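Trainee: Sequence:
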Amino acid sequence: MIHVLDSRLHDAVLDTFEATFGKRPSDAQIQIQSTRAEFEGDRTVVVFPLAGLAGAPPHVAAEKLGEALVASQDWISAYSVVKGFLNLTLTDASWSETLREALASPAWGFATPGSQPQVMVEYSSPNTNKPLHLGHLRNNFLGYSVSRILEAAGHDVVKVQIINDRGIHICKSMVAWQKLGNGETPATTGEKGDKLVGRYYVAFDKAFKAEVAEGVARGLEPKEAESASPIMQEARAMLQRWEDGDTEVVELWKTMNGWVYDGFNATYNDMGVRFDKLYYESDTYLLGKKHVEDGLSRGIFFQKEDGSIWVDLTDDGLDEKLLLRGDGTAVYMTQDIGTAILRFDDFAGLDRQVYTVGNEQEYHFKVLFLILKKLGFAQADKNHHLSYGMVELPEGKMKSREGTVVDADDLLLEMRTTARAISDELGKVDDFAEVEKALLARQVGHGALKYFLLKVAPAKSMMFDPKSSIDFFGNTAPFIQFNVVRCKSILRSAEVDASTLTWSNDTTLDDAERTLAAGVLAFPSVVREAAATYDPSVVANHCYDLIKAFSSFYQDHPIAKEENADVRNLRLALCAAVSTTVSNGMSLLGIDMPERM
RNA sequence: GGCUCUGUAGCUCAACUGGAUAGAGCACCUCACUACGGAUGAGGAGGUUUGGGGUUCGAAUCCCUACAGGGUCACCA
Numbered sequence: 078m079i080h081v082l083d084s085r086l087h088d089a090v091l092d093t094f095e096a097t098f099g100k101r102p103s104d105a106q107i108q109i110q111s112t113r114a115e116f117e118g119d120r121t122v123v124v125f126p127l128a129g130l131a132g133a134p135p136h137v138a139a140e141k142l143g144e145a146l147v148a149s150q151d152w153i154s155a156y157s158v159v160k161g162f163l164n165l166t167l168t169d170a171s172w173s174e175t176l177r178e179a180l181a182s183p184a185w186g187f188a189t190p191g192s193q194p195q196v197m198v199e200y201s202s203p204n205t206n207k208p209l210h211l212g213h214l215r216n217n218f219l220g221y222s223v224s225r226i227l228e229a230a231g232h233d234v235v236k237v238q239i240i241n242d243r244g245i246h247i248c249k250s251m252v253a254w255q256k257l258g259n260g261e262t263p264a265t266t267g268e269k270g271d272k273l274v275g276r277y278y279v280a281f282d283k284a285f286k287a288e289v290a291e292g293v294a295r296g297l298e299p300k301e302a303e304s305a306s307p308i309m310q311e312a313r314a315m316l317q318r319w320e321d322g323d324t325e326v327v328e329l330w331k332t333m334n335g336w337v338y339d340g341f342n343a344t345y346n347d348m349g350v351r352f353d354k355l356y357y358e359s360d361t362y363l364l365g366k367k368h369v370e371d372g373l374s375r376g377i378f379f380q381k382e383d384g385s386i387w388v389d390l391t392d393d394g395l396d397e398k399l400l401l402r403g404d405g406t407a408v409y410m411t412q413d414i415g416t417a418i419l420r421f422d423d424f425a426g427l428d429r430q431v432y433t434v435g436n437e438q439e440y441h442f443k444v445l446f447l448i449l450k451k452l453g454f455a456q457a458d459k460n461h462h463l464s465y466g467m468v469e470l471p472e473g474k475m476k477s478r479e480g481t482v483v484d485a486d487d488l489l490l491e492m493r494t495t496a497r498a499i500s501d502e503l504g505k506v507d508d509f510a511e512v513e514k515a516l517l518a519r520q521v522g523h524g525a526l527k528y529f530l531l532k533v534a535p536a537k538s539m540m541f542d543p544k545s546s547i548d549f550f551g552n553t554a555p556f557i558q559f560n561v562v563r564c565k566s567i568l569r570s571a572e573v574d575a576s577t578l579t580w581s582n583d584t585t586l587d588d589a590e591r592t593l594a595a596g597v598l599a600f601p602s603v604v605r606e607a608a609a610t611y612d613p614s615v616v617a618n619h620c621y622d623l624i625k626a627f628s629s630f631y632q633d634h635p636i637a638k639e640e641n642a643d644v645r646n647l648r649l650a651l652c653a654a655v656s657t658t659v660s661n662g663m664s665l666l667g668i669d670m671p672e673r674m
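Taking the working numbering, the leading residue of the first sequence gets 78, the next gets one more, and so forth.
Just so you know, these hints were derived from the structure itself, not from any lab. Incorrect hints may have been included.
[What the hints assert, rightly or not] Here are the simulated PhoX-like cross-link-like pairs (lysine-lysine), alpha carbons at most 20 Å apart as the crow flies: (1) 283 to 207; (2) 398 to 532; (3) 331 to 269; (4) 331 to 367; (5) 272 to 331; (6) 398 to 381; (7) 537 to 474; (8) 474 to 398.
[What the hints assert, rightly or not] Label pairs and their in silico Cβ distance ranges: (9) 283 to 347: 44 to 54 Å; (10) 125 to 99: 55 to 65 Å; (11) 291 to 339: 29 to 39 Å.
Treat the numbers as computed from the prediction; the structure is a model and nothing was measured. By construction, the Cβ of each residue, glycine as well, lies at the ideal position given by its N, Cα and C atoms.
Using the sequences and the accompanying hints, generate a full structural model.
Mentor: Below you can see the structure in the form of structure tokens.
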């Protein structure tokens, strides 16, 4: 990662190298990294790439460069050379100055809002027939966190989801409810709406399978038995009536979808994620059809005898892809084309669109983006699929049929319960009112879960073991929260305002203190890197590394108890800066820091 | 089979995008401490980075190849 001081160092190396060797390296040839703990120094210039340009062996070039840097830069106090590595020690004063800079900014690490173009981030977008599960938690936490990170990098972010509210699957739940529901509602049963509707979707599937089995027993081929199934025929008939705008069907559709949305919203609220705008497939599929027909008339797509419309992507190494069925009804791709174009129309200043969708849909998005390009859509290149790996269980993939689905609501509740139990046992917040205890359990329990899912790089599939559950110790959110709380406690009892602390520039920083200062000062570039790669895990890991360094520092460094006023204030300043930095970083993961725990 | 992602300590994950002796947590074994908040710290053990080639000052990282696993190639969404 690039240190804030490194941009200054970068320029100094460029100029000094040119002055010393008469040639100017390219930016890419200047490599700066933090010095490994076992060597003397703070920052390291990797001289290997510069040796050729200098016309000298790496260690000789490093020696000359180091000498010149110390002579010309008053903020570099010493250098040492190990092979082709030039290790530089920065002055205490330069650390103090940059630390003051960090302290002066409560939004440390965050760019000026709106200084970067507008970006849209889509996430969640669940199937309305199934309650949210563990996989959705990773999706939502990831999408929300990436939104926060992009905001922190200065972008104006529009958070959206597409709600898949039409199609045969919706009709299945509706039919099953009509036949078996006896008019029950979330209000009469007290059940969450998404769970209730999901139950009827399962009931449909069960009835359908029974009818197919019966048909096969009568001697039908499996395919015949499926189409002969009376309940499936009812579902198809209902879809037809829905597309015709049948009042009764549309009313039922609205009612049952309303139950699902209420249920989902409760879970979103629980998760702490939000959306700025919702898109509904029922609103965008007609638009998609229009673009497909338009593409057909322009000769970009082609039609088969049955009337279905296709795109030929064989020249691009892909297959032919269906865009519209023979009967004129839309497929998944149809509505996605419509949605993509609609969004750029809705937001004129939109510079980029990010789709947070699992990696099983990589092919779909590759095709979608290619189609947009073929249509000549101006913003075709401004789409990005933020692909992430599946969350796997020890037994393998989650299978609803085998009852191995980890329900989102259940898991969130379990996390809160566990956090509460630990908190009660430790007994440090016995004076809290019940609401405060509940809030704390949520901050710690949900924080642990979010951190667990976000600390892994998105592209990787990850393992979740429900039996061993989630840790609250080690590399976890509760550990980070605990140390931030400890920082706050120290500052509180010292009764100081961190922004007014003063200390002499001559005050020396030891290794532990320099490590903390370096971690604070690196944070802004960590945020930039996370935004550039859509990767919250770099923020998570930075927060952990920094707070772990603090925890170690805390053991053998008196802070408020330190008697030397300069050292004391410097340490309090470090304490405050670490606390702010880590709090800001964790907020980008959607994780709150309590005052006490 | 084509395309694609992945393979790092017993387990779960890192490694500043090609840099120094590959690091953390969990589990295991020592040790420290009535603590400015112990949900702690220090240490030990644990590795041929799946195997084999190649590229160069230098490879977990890039290329080739073999093997293993996931995903995808639907008139499902």
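Trainee: Does each hint hold? Answer for all of them.
Mentor: Hints, verified against the model:
1. 283 to 207: The hint holds at about 15 Å.
2. 398 to 532: Given that 20 Å is the threshold and the Cα spacing comes to 37 Å, the pair is violated.
3. 331 to 269: holds, 16 Å
4. 331 to 367: violated, 25 Å
5. 272 to 331: holds, 17 Å
6. 398 to 381: With Cα atoms ~12 Å apart, residue 398 and residue 381 stay inside 20 Å; holds.
7. 537 to 474: Answer holds: residue 537 to residue 474 is near 15 Å, not above 20 Å.
8. 474 to 398: Status violated; Cα separation ~28 Å.
9. 283 to 347: 44 to 54 Å: Taking Cβ atoms as reference, residue 283 and residue 347 lie about 29 Å apart, which means the hint is violated.
10. 125 to 99: 55 to 65 Å: violated, 20 Å
11. 291 to 339: 29 to 39 Å: holds, 36 Å
Checked against the numbered hints given earlier, the structure breaks hints 2, 4, 8, 9, 10 and satisfies all the rest.
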